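**Student:** Read off the chains here:
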Amino acid sequence: MTSTASERSAALSEIGLDGQNQATIGRLLATGNIGHAEEGDDGRMRARIRIVPDQLIWDPSVLVLPHGGHLDIEFVNDDQNTHCALVPSNGDSKWMWLPNYSRGTMSVTLDGPGYYWFSSNIGNDEGRGLIGAIVVRGDVPESARLDRPQQPRP
Amino acid sequence: MTDIQDRPDIEYGQAPPAVDFGSLTTAGGTAPPVAQDVTYERILDARSEPQNWLTYYGAYDGQRYSPLDEINTENVVRITPAWVFSFSPHGLHAGQSTYAFENCPIVVDGVMYVSGWDGWVWALDAKTGQLLWQYKHAIPFDVSLCCGNVNRGVAVAHGKVFVCTLNAHVLALDATTGECLWDVTSGDVRAGESLTVAPLVVKDRVVVGSSGGEFGVRGHLDAYDMETGERVWRCYTIPKPGEPGSETWPSDGEAWTRGGGNGWITGTFDPETNLLYWGTGNPAPDFDGEVRPGDNLYTDSVIAVDADTGEIRWHYQCTPHDLWDYDSNMECILFEQGGRKLLAHFDKNGYCFVLDRTNGERVRIFPFVDRITWGEISPEGQVTPRIYPDKEGEDVHFYPGPAGAKEWTHASYSPRTGLFYVPVQDTGATVARRRREFKESIPYWGAAVTVDIEEMAGSVSAFDPSTGEEVWRWRNDLPMCASVLTTAGDLVFAGTPSGRFVALDARSGELLWQFNCGSGHHSSPITYSVDGKQYIAVPVGWGAWVEGFLPGMMGGPHGQAMFVFSLPEGQDSSGGR
Numbered sequence: 001m002t003s004t005a006s007e008r009s010a011a012l013s014e015i016g017l018d019g020q021n022q023a024t025i026g027r028l029l030a031t032g033n034i035g036h037a038e039e040g041d042d043g044r045m046r047a048r049i050r051i052v053p054d055q056l057i058w059d060p061s062v063l064v065l066p067h068g069g070h071l072d073i074e075f076v077n078d079d080q081n082t083h084c085a086l087v088p089s090n091g092d093s094k095w096m097w098l099p100n101y102s103r104g105t106m107s108v109t110l111d112g113p114g115y116y117w118f119s120s121n122i123g124n125d126e127g128r129g130l131i132g133a134i135v136v137r138g139d140v141p142e143s144a145r146l147d148r149p150q151q152p153r154p
Numbered sequence: 155m156t157d158i159q160d161r162p163d164i165e166y167g168q169a170p171p172a173v174d175f176g177s178l179t180t181a182g183g184t185a186p187p188v189a190q191d192v193t194y195e196r197i198l199d200a201r202s203e204p205q206n207w208l209t210y211y212g213a214y215d216g217q218r219y220s221p222l223d224e225i226n227t228e229n230v231v232r233i234t235p236a237w238v239f240s241f242s243p244h245g246l247h248a249g250q251s252t253y254a255f256e257n258c259p260i261v262v263d264g265v266m267y268v269s270g271w272d273g274w275v276w277a278l279d280a281k282t283g284q285l286l287w288q289y290k291h292a293i294p295f296d297v298s299l300c301c302g303n304v305n306r307g308v309a310v311a312h313g314k315v316f317v318c319t320l321n322a323h324v325l326a327l328d329a330t331t332g333e334c335l336w337d338v339t340s341g342d343v344r345a346g347e348s349l350t351v352a353p354l355v356v357k358d359r360v361v362v363g364s365s366g367g368e369f370g371v372r373g374h375l376d377a378y379d380m381e382t383g384e385r386v387w388r389c390y391t392i393p394k395p396g397e398p399g400s401e402t403w404p405s406d407g408e409a410w411t412r413g414g415g416n417g418w419i420t421g422t423f424d425p426e427t428n429l430l431y432w433g434t435g436n437p438a439p440d441f442d443g444e445v446r447p448g449d450n451l452y453t454d455s456v457i458a459v460d461a462d463t464g465e466i467r468w469h470y471q472c473t474p475h476d477l478w479d480y481d482s483n484m485e486c487i488l489f490e491q492g493g494r495k496l497l498a499h500f501d502k503n504g505y506c507f508v509l510d511r512t513n514g515e516r517v518r519i520f521p522f523v524d525r526i527t528w529g530e531i532s533p534e535g536q537v538t539p540r541i542y543p544d545k546e547g548e549d550v551h552f553y554p555g556p557a558g559a560k561e562w563t564h565a566s567y568s569p570r571t572g573l574f575y576v577p578v579q580d581t582g583a584t585v586a587r588r589r590r591e592f593k594e595s596i597p598y599w600g601a602a603v604t605v606d607i608e609e610m611a612g613s614v615s616a617f618d619p620s621t622g623e624e625v626w627r628w629r630n631d632l633p634m635c636a637s638v639l640t641t642a643g644d645l646v647f648a649g650t651p652s653g654r655f656v657a658l659d660a661r662s663g664e665l666l667w668q669f670n671c672g673s674g675h676h677s678s679p680i681t682y683s684v685d686g687k688q689y690i691a692v693p694v695g696w697g698a699w700v701e702g703f704l705p706g707m708m709g710g711p712h713g714q715a716m717f718v719f720s721l722p723e724g725q726d727s728s729g730g731r
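Going down the list, the protein sequences come from chains A and B.
Going by the numbering used here, the first sequence opens with residue 1, and the numbers climb by one from there.
Going by the numbering used here, the second sequence opens with residue 155, and the numbers climb by one from there.
FYI, nobody ran anything at the bench for these hints, they're computed from the structure.
Here the structure is a predicted model, which is why all the values come from computation and not from measurement.
No residue lacks a Cβ here, since even glycine has one placed at the ideal position from N, Cα and C.
Chain B is faced by these chain A residues, among others (derived, beta-carbon under 10 Å):
no. : residue
1   : Val52
2   : Lys94
3   : Met96
4   : Val108
5   : Asp139
6   : Arg148
7   : Pro149
8   : Gln151
9   : Pro154
Covered stretches of chain B (chain A as the covering partner; in silico rule of three or more C-beta atoms under 8 Å from a C-beta of chain A):
no. : region
10  : 175-183
11  : 282-293
12  : 319-330
Isolated chain A, as found in the complex:
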């Protein structure tokens, strides 16, 4: 049987897929919270992402940007273990240590539209749940679009 989208959250919890060492050993990916970046007057976007204690989950685990551009992310590690953050960015991926109870900011540049995974790429943090998504909304510039009538989309 299947569950509806509205039932999904409750079902994940009931089965024990949204926590550590319940139904599965780790936490099923993309079961965390969804957050939105804020856009400043300078056009830069900003967000804060935390690591939840003993949950090996980014909060939010899905960060939504209104469009491509520059994003400043403050990472906060509330966990009692050391992790790190590897985040895609044009030029090179950015990487930082996140020792226990530490915070730090990194700046990344991403094109839109599309989505990107970020993670803590040590141990098997990724398998346990520390993979998150940055979702970039919007469209490509008009100059990059095909010269054709509007087409149907799914």
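Since the structure of chain A is provided, determine the placement of chain B on it from the hints.
**Tutor:** Positioned in the frame of chain A, the structure of chain B alone reads:
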């Protein structure tokens, strides 16, 4: 955004500052400024500096031939690995199951410029393999890729490295540091467009062709100003109503708007005709021709494009009204014979087309694979389809399968032997038409497709273009799915799907040397020299559209390494630290 507040019981420390992930490698950060002096004039005369591989095919003529001969039929048995550059990604990236190392390296005065799958560009010391700098473009996980996460190479000129990205950007990087100098969005990822092509520098422009034919886009070539990134021209390969060629599409409806015809493989160029010779891809939907009656120009064609204006001067369509996915993207090799300026194009449909490159006139057509059942093309160019998907849901089986008797991987030509050397795939497929509604960004094949995993064959075959006769054949039990390289040492280098890299005698096809690289080949090997010492470089990394060209090797190891070979004397493998 909603935010969880800091915990009052924690006294937070400052995390160490973020760094570029590439700084945590052996990269030194800079390359010698060798690319500064690479000009259009040097690329025009690329074969006069055989120590370098200045452009995608080695020279504008697409011959993939090098005058280097230190390594030859007498001593090739002694060559050994000089160095290996290996790379493996961190985190998740697009096409994790389907990436391949399809690159063709560029070498300029001891520096090798290499693009990887998923947005990587590396500058390497071509003598030692030392990583000099690394660039990484962030590629969305959800880009539309019909045929794997791949990039076929970069172009280098005027101190810049030009590269395309899977999310349809064109970039110019500083060749000494890898810093991005300009970045233009060339295509629409929401429409299913991407870029996998190696750019071609012509005059002061960078020419690229789009990908996305399996998603029902409208194919195009674009030329960008090398210094600014401004688009100079765009050439659509599917005409709008009223434009020349539009009579080959239904006069009503929207078939042309999603007609395909993408130019996803680098073209060749003749400065005397000022024409780019570019192959175009399949029409969309690939296998359901009933929704697009007509010849469907300029799909599956060789088009001659004015390098200054982007106008199509002439065309030759290899598979009119394609029902088999027979793209004609593969290279057009320029050569002269009997005082005529010719080009040779080995097509997916199993035939080689020799054309007069001044006007597109047919000179010769000949088959280059054993099994051709889809139809027949006469020496006069008459195309007779015989087996094709027609009735809804009814299986038909034909040779060659949709990957063709030769996919995009390139043939070569030796002016010393006068022969063409062709990587041949002899594989069939079963296809049933399955009509579907067009929706932007969703695959638009119009069929169910399964490619054979048995009764396959492959070869490197040598052909005399003056007669179309096969002169020799080196047989492989699996199809050959990688480009070949020819040198003045009378050698033909080719990689197999099992990982073997082989050297053949260009005059006889005799196997002279082989090395197991550990992963299948699906790239373009090159040769170059540093301090007078010749090297052979081959990117190794099996993957991409394996379900299309060799599903019998779907389980083959991916691999991801640049192997470089030379004679053992004076090797310097000191790269790294």
